[in-house]
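There are 2 protein chains.
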Amino acid sequence: MAQVISDRRDVDFVLFEQMEVEKLTKHEKFAEFNKKTVDLIVSEARNLAVKELLPLQEIGDKEGCKFENGKVSVPKGFHKAYKIYREGEWLAMADDPEVGGQGMPKTVSLAASEYFTGANCAFMLYNGLTHGAGKLVEEFGTEKQKELFLGKMYSGEWSGTMLLTESEAGSDVGALTTSAKKNDDGTYSITGAKIFISGGDHDLVKNIIHPVLARVEGAPEGTRGISLFLVPKYRVNDDGSLGEFNDVVCTGIEEKTGIHGNSTCSLTLGGKNECIGTLLGKENEGMRNMFVMMNEARHLVGLQGFSVSTAAYMHALNYARERVQSKSLTDPRGESVAIIKHPDVRRQLMLMKSFTEGMRSLIYFTGLCYDKIKISDDDQEKAELSGLIEVLTPIVKGYITDKALEVTSHGVQIYGGYGFTKDYPAEQLFRDCRIFMLYEGTNGIQAMDLLGRKLGLNKGESFKFFLSHIKKTIDEAKETNILSGLADTLEAVYDKTIEAALLLGKTAGSKNVEHAFALAHPFLEVSGDMTMAWMLLWRATISAKKLEKIAGSLDAEKIKEKVKSNKNASYYDGQLKSADFFINSILPVTLGKIDAITKLKSAAVDIADSSFGG
Amino acid sequence: MAQVISDRRDVDFVLFEQMEVEKLTKHEKFAEFNKKTVDLIVSEARNLAVKELLPLQEIGDKEGCKFENGKVSVPKGFHKAYKIYREGEWLAMADDPEVGGQGMPKTVSLAASEYFTGANCAFMLYNGLTHGAGKLVEEFGTEKQKELFLGKMYSGEWSGTMLLTESEAGSDVGALTTSAKKNDDGTYSITGAKIFISGGDHDLVKNIIHPVLARVEGAPEGTRGISLFLVPKYRVNDDGSLGEFNDVVCTGIEEKTGIHGNSTCSLTLGGKNECIGTLLGKENEGMRNMFVMMNEARHLVGLQGFSVSTAAYMHALNYARERVQSKSLTDPRGESVAIIKHPDVRRQLMLMKSFTEGMRSLIYFTGLCYDKIKISDDDQEKAELSGLIEVLTPIVKGYITDKALEVTSHGVQIYGGYGFTKDYPAEQLFRDCRIFMLYEGTNGIQAMDLLGRKLGLNKGESFKFFLSHIKKTIDEAKETNILSGLADTLEAVYDKTIEAALLLGKTAGSKNVEHAFALAHPFLEVSGDMTMAWMLLWRATISAKKLEKIAGSLDAEKIKEKVKSNKNASYYDGQLKSADFFINSILPVTLGKIDAITKLKSAAVDIADSSFGG
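Order-wise, the sequence lines are chains D and P. All letters in the first sequence, in the order written, are residues 67 to 680 by this note's numbering. All letters in the second sequence, in the order written, are residues 67 to 680 by this note's numbering.
Read the hints as simulated data drawn from the structure, not as lab findings. Hints may be right or wrong, so weigh each one.
No copy labels: a pair is met if it fits in one copy or bridges any two.
Claimed, not checked - Pairs of lysine-lysine, BS3-like flavour, derived with a Cα cap of 30 Å:
| no. | residue 1 | residue 2 |
| --- | --- | --- |
| 1 | K667 | K615 |
| 2 | K488 | K128 |
| 3 | K544 | K667 |
| 4 | K338 | K611 |
| 5 | K128 | K89 |
| 6 | K128 | K530 |
| 7 | K137 | K488 |
| 8 | K128 | K117 |
| 9 | K142 | K132 |
| 10 | K572 | K128 |
| 11 | K630 | K577 |
| 12 | K612 | K667 |
| 13 | K272 | K212 |
| 14 | K667 | K538 |
| 15 | K537 | K448 |
| 16 | K667 | K562 |
| 17 | K624 | K577 |
| 18 | K128 | K633 |
| 19 | K102 | K89 |
| 20 | K247 | K210 |
Bear in mind the structure is a predicted one, so any value in this text is a computation, not a measurement.
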C-alpha cells in the first residue's frame, strides 16, 4: 500500500545515513537508542499517526471546536486519540527521565512528531504547547512549582499554553497591558485580556496551565518591564489536587481559515479579581525567559510547516500515480497515462519533493544540534551549537512555513479541480498551513530577527559557524565528480550571500536602516534557499557514494539500469535528482534575488505614504 | 472615507491616460461613450458593488449554497442583488445593442466588472458564465436559437453555464463520454454526467441554459468527435414560454475551499432518457466552437484574479494605515506607529500595489484590443490584434491567477494573526482565489498553451507582435532620463526572454519535447513578469511627463516636495515607484528564472517514476 504522511525510506535516510543518530548511542544518555529501538519508535509513532490521528484530521476540520455556555469542547474523537497519545508517553519524548521524559534523542523524537503533526496538526498543537509550557516550568520554576506542575504537564494530564498576545499587542509584545499586583503571600493577582491563545481552553484535560506575560505594577514600560507568571485555570492545592476556579474565563473562540480542531481562545484573567498567579523566574525577566518557550514554539511551527508539506507531497504523489488523464507527450496516439507522466506535474512533484526533503534534513539537523549540546562536555562546542540553533531558528520558522504554503498549494494544484474540493485532504493542508506564517512571530518578524539579531550574534561568529557547515558540504561534494557542478553553483550562491549579508548588516547599522529591513525578508528567502541546497547537496554526496557501491560506478547508464531493479538505487538516484533539480532550477532564481538585494534600494521605503493610493 | 475594492484614481488613469478610451468615441459605435458617460458608468458600477454586492460577500461565504430535496438554492441575499444587477442591465454591457447589449467599449465594461467581481466573485460567476454561454448562442446559434435564448440570457432572465468536465475527463476534455443521439425531428437526446459545473443549478432564475459538449453516436474519438449542444433545464416552447423539465438533474454540489456563494454542481443529463438538446454549430466542431466561450472564460478568470487582488490590496492598505503597532525603526523611542511605517509591511504593500496595477493595465489593454478589432476596417490589424489577444490569454489567465494567490496571501499576512480569522475579509479573498488557478484549464494547461500553441501562432508573428509592443514602451521610456535605467533592465529581460522562447520552441519540436514542457510554467512566469514590467514602465512613462508638468522638472527633491501637497503628484510618483520596485526587485529574479530555463534541463523529466519515493 502507498505510504501516507511521510516517506519512511527518507525518514530513515536522514536519521541513520545523514544525521547518523546511531553515533549518539556512544554517550550514556542515549546508550539504549540503537537502530533497533529507533526503528521501533518511528514505527510505533507512524502506527499511532495513521490509525488514530489521521482519521480525525478531516473530522476535526469539519466539526471544529465549540464554544457553548462558556465551555470549549474539542472535536469528539480527539478525546480517545488524546488518551492513546498520553498512554504512549509521547508528549515529553526527548526530555530527561528524571523530569518525566523518555530521554530519547531529539532527532529521533522529531521523526515521531513529523508523523503525528502531518497526520493532524490541529490536534498536535495542544501537545506542542503543553510541552513548551512545561519546559518553562522546568527551566525557571521553583522546586514547588516543578513538583506541582511539571510531571502532570509532561505526562499530558494537564495542558499548557502561552499567553502573550493582546488585541493591541500582537507583534509588539512590549505594549501589553495585562497587570500583576503582588499579594502579601507572595502570589500575584493578575488582570488582563489575552487573545489568539491556541488551546487556551478545551475539555481534553482537567486543568490548563498558562504561562502569562504581565507587567507588575510600577514596572518599566516596554519589554523590560514584563514578568512571567504561572496561572492555572484551576488553582492547585499544596497536595497537587485541584482547587477553586482561578478566574481565567474564555470569552470566545476564533473562526479561522484552518486548524479548526484547535481552539483559538480569548481569555479574560481576573475579571472578578480572583486570578492568582505565581512568578516564574524573576520579576522583569519575563520576556527573556519566555523566549525559551518562544524559540521552542518557533521550531515547533517549522516542524508543522514541514510535516504538512510532507503529508501534502505523499498525497499528491499517490494521486499522480493513480489519476489517468491525457496522452503522453511522447506518445500522443497511445493510451492515456497517469498524470505523473506529464512534465508539468513532474515539475511540481519535484518542487514538493526537494523542498520536503530539504526541510526534513534541516529540522532533524537542528534536533541533532540540541542532542549534541546535551551530551557535550565542551563549553565552546555547546556555545557554537547554541549559536547555530539561534541562526537557524528564523529559517526553520520563517522560511519553512513560507515554502510550506507553496508546497501545499502545489499539492492542491496536482489534483486539478478536485484539489479545491473537500473530497481530498489537499485543500485542508493548504488552509491549515496558512497560520504557520503568522503565529509565533510573523515571518516578517522572523526576517527581522535573522537580519537584526542573528547575523551579528556573538560578533557574527554564529553566522560564520553556520556558513562553515555549508562550505564543508560544498567541499565534500566537489570531490564527487558528478556533483562538482552542483557544488560550484551552490558556492556561487554562498559567496554572494556572504556579500549580501555584509552589505545588509552594515546598512542595518546606518541611517539607511529602513532600506536594510525592507530587504530582510528577501534575505531570509536567500538564506533559506541556500540552506535547502546545502541539505540536498549533503544528501546527494552521501547518496552518490552508496550508489557507486551498488552500481559499481557512477556512469549514468549503469545507474539508470540499476534504478529499475534496485530499490536503494532508485532512492539514492532520487536524491541526486532532488539536488540537481533544486540547484539548477531554484538557485539561479536565488542569485537573482541576491542581485536585487545588493542594489540596496527599495522603492518600498522611498515611496510617500500617500502614494500607495486608496 | 477610505476606498474599497479598487483605487478609483488608478482605474481612471488606466482608462483615460494609459488606454485613452476617449479616442474610441471617434468611431460611431462608441460615439456616445465620452469621458462624462464613462465616469458615470464606473461610478454607478462602484455604487452597486459597494452597496449591494460587497455586503453579501461574507454572507455568501458563511451561508453558502444549499442542496436540499434535489433543489439548489443560493445565499438568500443574492436574489435581491441579482434583481438590481439585472435591472441595471450590467450583464451584456459590451455587447451590441441589436442583440440586447449596452454597446459600451469592453475596456470600460472591465472597469465596472472589476468593482463587481472584487466585491463578490462568487455572485459574479453566475453572470460571467451566463454571458459566455450567451456568446456561444450569438456566434453559433440558428436564428431560432437566438430568438428563443439570446435576449433572455443577455438580460439575465435565464442563466447559462458550460458543461465540459466529467469525472474522468478533466484536463483531458477529449476523453468525455456524454453522448448525443439524433432524433427524427433534428434534436438530439443527450445522456451523460457532468461535474464541477459552476452555477449548474440554482434558484436565481427560472431556466438555465447549458452548452454541453457531447459525442454524437459514431463520431471519432478524442476532441475531433465532440459536438456542442444547447440543453436547457426546462424545455422552451416555440413561443419562448417554458415547457417541461428537460431531465437535467442536479445530483449534488461540491463542498469547497472558497467561492461558497457559487453552486458547483454535478449534473446528470438524460437519466430518464428525456434530455433533449439542439445542435449549436455543426457536428464534430464542438470543441473548436466551445473555445469561443473558453477563451472568454479564461479572460473572466484573469479578471477574477485581478479583482480579488485589488480588493485585497485596498483592505491591506487601509488596515496598514490604521493599525498601530511597534515603534518606527528610525525613532525607537517615539510613539508607536501605524504599521505602514514598517519596511516589511511596505515591501508587501508595494508587491501588492505593483502587481495589482500591472494586472489592471493588462486586463484593460486586452479589452482595448477587443474594442479596436470591433471598430477596425483593416483586416490585417484585426488579425494582428486577435493574435495578440490569443498570446495574452494564457498570461491573463495563468499568470494573473498565480500572482493573485501571492497578492491575497500578502493581504492575509499584513493583518498578522487577524488575517487568519474570519473577522476580516482578507482570508476569504485568499480562499476564494485558489480556484482561479484551477478552473478553465489549470495553470499548467495555460503554460502548455503559451509554449505549445501561442509561441508559434501565425508562424510566430503573433508573439512577435506582442514583443513589439514591449519594445515600443522600452524605447519610449529611454527618452525619459529618470526611466532609462528601468528601461535598460526591462530590455535585458526582453532580450533574454526572446532567446529562451526560441530555445524552448525549438526544443518543443524535438525529441526533448518533455524537457521543453517541464519548463513551460517557468516560461509563463517569465512572460508574465515581463508583461507586468511592460505595463508598469508604460504607466511610469506617462506619469513622468505629467509629473514634470506639475513639478516643473523631474528633479527628485522638487517631486518630493510636490508630492506632499499635490494629489496628482502623489499619484504619479506612486507610478514611478511601482515601476522602480517591480523592475529593481522582481526582474532580477526573472533573469534568474530565465537562466534556469536556458539550461534546458530538468531533473523532473530525468528522474525515474520510482525515485519520487512513497
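Hints, one by one, checked against the model:
{"no.": "1", "hint": "K667 - K615", "result": "between (51 Å within a copy, 27 Å between copies)"}
{"no.": "2", "hint": "K488 - K128", "result": "both (10 Å within a copy, 16 Å between copies)"}
{"no.": "3", "hint": "K544 - K667", "result": "between (35 Å within a copy, 21 Å between copies)"}
{"no.": "4", "hint": "K338 - K611", "result": "neither (68 Å within a copy, 65 Å between copies)"}
{"no.": "5", "hint": "K128 - K89", "result": "neither (44 Å within a copy, 54 Å between copies)"}
{"no.": "6", "hint": "K128 - K530", "result": "neither (47 Å within a copy, 51 Å between copies)"}
{"no.": "7", "hint": "K137 - K488", "result": "both (29 Å within a copy, 21 Å between copies)"}
{"no.": "8", "hint": "K128 - K117", "result": "within (19 Å within a copy, 32 Å between copies)"}
{"no.": "9", "hint": "K142 - K132", "result": "both (10 Å within a copy, 26 Å between copies)"}
{"no.": "10", "hint": "K572 - K128", "result": "neither (50 Å within a copy, 50 Å between copies)"}
{"no.": "11", "hint": "K630 - K577", "result": "between (60 Å within a copy, 22 Å between copies)"}
{"no.": "12", "hint": "K612 - K667", "result": "between (47 Å within a copy, 25 Å between copies)"}
{"no.": "13", "hint": "K272 - K212", "result": "within (18 Å within a copy, 70 Å between copies)"}
{"no.": "14", "hint": "K667 - K538", "result": "between (33 Å within a copy, 27 Å between copies)"}
{"no.": "15", "hint": "K537 - K448", "result": "within (21 Å within a copy, 58 Å between copies)"}
{"no.": "16", "hint": "K667 - K562", "result": "both (17 Å within a copy, 24 Å between copies)"}
{"no.": "17", "hint": "K624 - K577", "result": "between (59 Å within a copy, 22 Å between copies)"}
{"no.": "18", "hint": "K128 - K633", "result": "neither (39 Å within a copy, 49 Å between copies)"}
{"no.": "19", "hint": "K102 - K89", "result": "within (13 Å within a copy, 79 Å between copies)"}
{"no.": "20", "hint": "K247 - K210", "result": "within (21 Å within a copy, 84 Å between copies)"}
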